[in-house]
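When you get a sec, could you build the whole thing from the sequences and use the hints?
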Amino acid sequence: MGHMTTEPRTFPPRPLRDVKATYARQASCPSFFAQVVVDFEPWEEGVEFEVADTRGVPGWPPEWVSELHEAFGSGVREELAELDPGTTVAVTVVLRSIKVHEVDSNALAFRQAGRLAVRNALVEAYGPPPRPRRDRA
Numbered sequence: 064m065g066h067m068t069t070e071p072r073t074f075p076p077r078p079l080r081d082v083k084a085t086y087a088r089q090a091s092c093p094s095f096f097a098q099v100v101v102d103f104e105p106w107e108e109g110v111e112f113e114v115a116d117t118r119g120v121p122g123w124p125p126e127w128v129s130e131l132h133e134a135f136g137s138g139v140r141e142e143l144a145e146l147d148p149g150t151t152v153a154v155t156v157v158l159r160s161i162k163v164h165e166v167d168s169n170a171l172a173f174r175q176a177g178r179l180a181v182r183n184a185l186v187e188a189y190g191p192p193p194r195p196r197r198d199r200a
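Position in the sequence shown counted from 1, then plus 63, gives you our numbering.
Hint data in this document are derived by calculation from the structure and do not stem from the laboratory. Some clues are possibly wrong.
[Said to hold, decoys possible] Between beta-carbon pairs, the in silico distance windows are:
1. Trp-127 / Thr-85: 17 to 25 Å
2. Glu-108 / Arg-80: 16 to 24 Å
3. Glu-187 / Gly-149: 15 to 23 Å
4. Ala-153 / Gln-89: 33 to 41 Å
5. Glu-145 / Val-120: 24 to 32 Å
6. Ala-90 / Val-114: 44 to 52 Å
7. Ala-153 / Pro-192: 18 to 26 Å
[What the hints assert, rightly or not] Distance condition first, Cα-Cα at most 20 Å in a straight line; then the derived DMTMM-like pairs of lysine to aspartate or glutamate:
8. Lys-162 / Glu-126
9. Lys-83 / Glu-113
10. Lys-162 / Glu-113
11. Lys-162 / Asp-81
12. Lys-83 / Glu-187
13. Lys-83 / Asp-147
14. Lys-83 / Glu-126
15. Lys-83 / Glu-141
16. Lys-162 / Glu-133
Note that beta-carbon positions come from the ideal geometry of N, C-alpha and C, so glycine has one too.
Here it is, written out as structure tokens:
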């Protein structure tokens, strides 16, 4: 579900820093958990990624952490691809930090956190999307 607009615009319109996103689903097996802090910086047209915190996650092999970073990036790209065709995406996405759960964190959770981070950034940039009008009979 993308944000729709009638006038051309560029995302992000200004630096959006410390955008937080948490994806947590504990209702069934498997459970999911991902928490990220992200900056969305205006850049050249397209999407670039940087990972600012390269310290890794204690107890997690570097390749697992890289997998989470890649999944996060996939979620960001998927959500940005759903924006209105009149929106030009010109952004560097800087992954500032992540938090994981030893059991519930996985690539799917971080993919969803990426999508959620874009949604949160859109609200910060443009305000909440308009609510659909309901006709009353």
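> Which earlier hints turn out false for this structure, listed by number in ascending order?
Replying inline: 6, 13, 14
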